[in-house]
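Student: Use the sequences and the hints to build the structure in full.
Now for the letters of each chain:
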Amino acid sequence: MRQDVPALTLTDTGVAPETGRQGDEELRAARRALVLGGLGFIASAGGFGLVYGLAAREAGVSAIEALAMSLLVLSGAAQFAAVGLIAQGSAWPSIILLTALLNARHLLYSAALAPWVVGRPRLERAAMAHVLTDETFGLAIAHFRRLGRADMWGYWVAAAFVCLPWPVASALGVIGGQAIPDPERIGLDVVFPAAMAGLAVGLVTDRREIVAAVVGASVAVTVGIAAAGASVGVVVGGLVGPLVGLAIPERRTADTAS
Amino acid sequence: MSLGLVGLALLMAAVTYPSRAVPLLAPGIERLPPVVLAYLRLVGPAILAALAATNTVLLVDAAGRPSIHVGIEWLAVGVGIALVAWRHNLLLGIAAAVALAAVFRAIAGG
Chain A
263 MRQDVPALTL
273 TDTGVAPETG
283 RQGDEELRAA
293 RRALVLGGLG
303 FIASAGGFGL
313 VYGLAAREAG
323 VSAIEALAMS
333 LLVLSGAAQF
343 AAVGLIAQGS
353 AWPSIILLTA
363 LLNARHLLYS
373 AALAPWVVGR
383 PRLERAAMAH
393 VLTDETFGLA
403 IAHFRRLGRA
413 DMWGYWVAAA
423 FVCLPWPVAS
433 ALGVIGGQAI
443 PDPERIGLDV
453 VFPAAMAGLA
463 VGLVTDRREI
473 VAAVVGASVA
483 VTVGIAAAGA
493 SVGVVVGGLV
503 GPLVGLAIPE
513 RRTADTAS
Chain B
13 MSLGLVGLAL
23 LMAAVTYPSR
33 AVPLLAPGIE
43 RLPPVVLAYL
53 RLVGPAILAA
63 LAATNTVLLV
73 DAAGRPSIHV
83 GIEWLAVGVG
93 IALVAWRHNL
103 LLGIAAAVAL
113 AAVFRAIAGG
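Those sequence lines, one after another, are chains A and B.
Under our numbering, the first residue of the first sequence is numbered 263, with each subsequent residue one higher.
Under our numbering, the first residue of the second sequence is numbered 13, with each subsequent residue one higher.
Since the hints were derived computationally from the structure, they do not count as laboratory data.
Treat the numbers as computed from the prediction; the structure is a model and nothing was measured.
Glycine included, each C-beta is placed from N, C-alpha and C at the ideal position.
Mixed in with the good hints there might be a few duds.
Sample of chain A residues lacking proximity to chain B, with all beta carbon distances greater than 12 Å (derived) [as the list claims (entries may be wrong)]: (1) Gly-285; (2) Glu-287; (3) Leu-289; (4) Ala-391; (5) Trp-418; (6) Ala-441.
Partial list, computed: chain B residues near chain A (C-beta under 7 Å) [what the hints assert, rightly or not]: (7) Leu-20; (8) Ala-25; (9) Val-27; (10) Pro-35; (11) Leu-49; (12) Leu-52; (13) Pro-57; (14) Val-69; (15) Leu-70; (16) Ile-93; (17) Trp-98.
Tutor: See the structure below:
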């Protein structure tokens, strides 16, 4: 089952009131796809977590501090930028400001997920927000749309694929990161873009979504070059792509799933 | 062991959390106009494509200057996209992209 509009009426379990064998089978199939799709992130988060830990150690960050940053901030881009600035001796306010700018894109993720989880307890939504990373968003939004409803089990599993290996690998990287091979040498650097692109493909069901994706990507690269920052580009692409997509008359083509 | 930067981590978390939480916690999101919900539905494909594109195409040098990068990553991600679209299997697409990049770099590296 797929719907264009998120289900806004949920049961206490976070699942729209659909029962029966077909619904169970759909749920199992969607969860299986989610788990299979998320496996690559474990290797990616683990590999780059180790590299982050190594970079943190070279910047004079202790294992506890690196672990605290990974647990509390949970944002690879901001953390890599932070250890770079720490190594240069930058002042805390500049690091905090850069973190806020780099992580502004989460506002869009949160807004896109919000209609799916209306009715969930406020405390649960507050906890969801803490683990809302790029990867969590990509996996969760694809999973919800595959089902046509929210599935909180799926959300937490999606979050676990990154939020568990990242801090563990960060701490290990500080302790013994010099022993690891370069993740780029074994191709782990393409896990993230390949996964994000694949998840985007899975979300495309009509012309509007194709246009939003193509425009979003094009604007992100253009602005990233012009504004000297990929994060700025991602935010602008994420804002402009849907606007242009909305201008296209809606006509569904074919159902796809990732 | 130094703990001084735990405070910095807390402050970084403090400026990150609101952007993650405010829309999720805002009341009345279900009463937004249909056009806004339609817009939010398009945010997913747009931002995922934007993340994929910037992580494939942009290369940032040591001074923080971004430039267009052309390399095996383009082909690897392209093959991954094609496989996901064809087989509807994300893991297969990721595995193919990683394998392609790793093999190419092994050959190119001698």
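Student: Taking the hints in turn, state whether each one holds.
Tutor: Verification of the supplied hints:
Residue-level check passed: A:Gly-285 sits 20 Å from the nearest beta carbon of chain B, beyond 12 Å. For A:Glu-287, the non-interface assignment is confirmed: its Cβ lies about 16 Å from the closest Cβ of chain B, beyond the 12 Å cut-off. At the 12 Å boundary, the C-beta of A:Leu-289 stays outside the reach of chain B, the nearest C-beta of that chain being 17 Å off. For A:Ala-391, the non-interface assignment is contradicted: its Cβ lies about 4 Å from the closest Cβ of chain B, within the 12 Å cut-off.
Look at A:Trp-418: its CB is around 14 Å from the nearest CB on chain B, clear of 12 Å, so calling it non-interface holds up. Every CB of chain B lies more than 12 Å from the CB of A:Ala-441, the least distance being 19 Å, so the non-interface label holds. The criterion of a C-beta within 7 Å of any C-beta in chain A is met by B:Leu-20, whose closest approach is roughly 6 Å, and the hint holds. Look at B:Ala-25: its Cβ gets to within about 4 Å of chain A, closer than 7 Å, so that hint holds up.
The beta carbon of B:Val-27 is positioned within 7 Å of a beta carbon in chain A (closest approach about 4 Å), and the interface hint is therefore held. The criterion of a C-beta within 7 Å of any C-beta in chain A is met by B:Pro-35, whose closest approach is roughly 4 Å, and the hint holds. The interface hint given for B:Leu-49 is met, as the beta carbon of that residue sits about 6 Å from the closest beta carbon of chain A, less than 7 Å. Nearest Cβ of chain A to the Cβ of B:Leu-52: about 5 Å, under the 7 Å cut. The hint holds.
For B:Pro-57, the interface hint holds, the least distance from its beta-carbon to any beta-carbon of chain A being 4 Å, beneath 7 Å. Hint status for B:Val-69: holds, given a least beta-carbon distance of 5 Å to chain A, under 7 Å. Because the closest C-beta pair between B:Leu-70 and chain A is about 5 Å apart, less than 7 Å, the hint holds. For the restraint placing B:Ile-93 at the interface with chain A, the shortest Cβ-Cβ distance is roughly 5 Å, inside the 7 Å limit, so the hint holds.
At about 10 Å, the closest approach between the beta carbon of B:Trp-98 and any beta carbon in chain A exceeds 7 Å, and the interface hint on this residue is violated.
When each numbered hint is compared with the structure, violations occur for hints 4 and 17.
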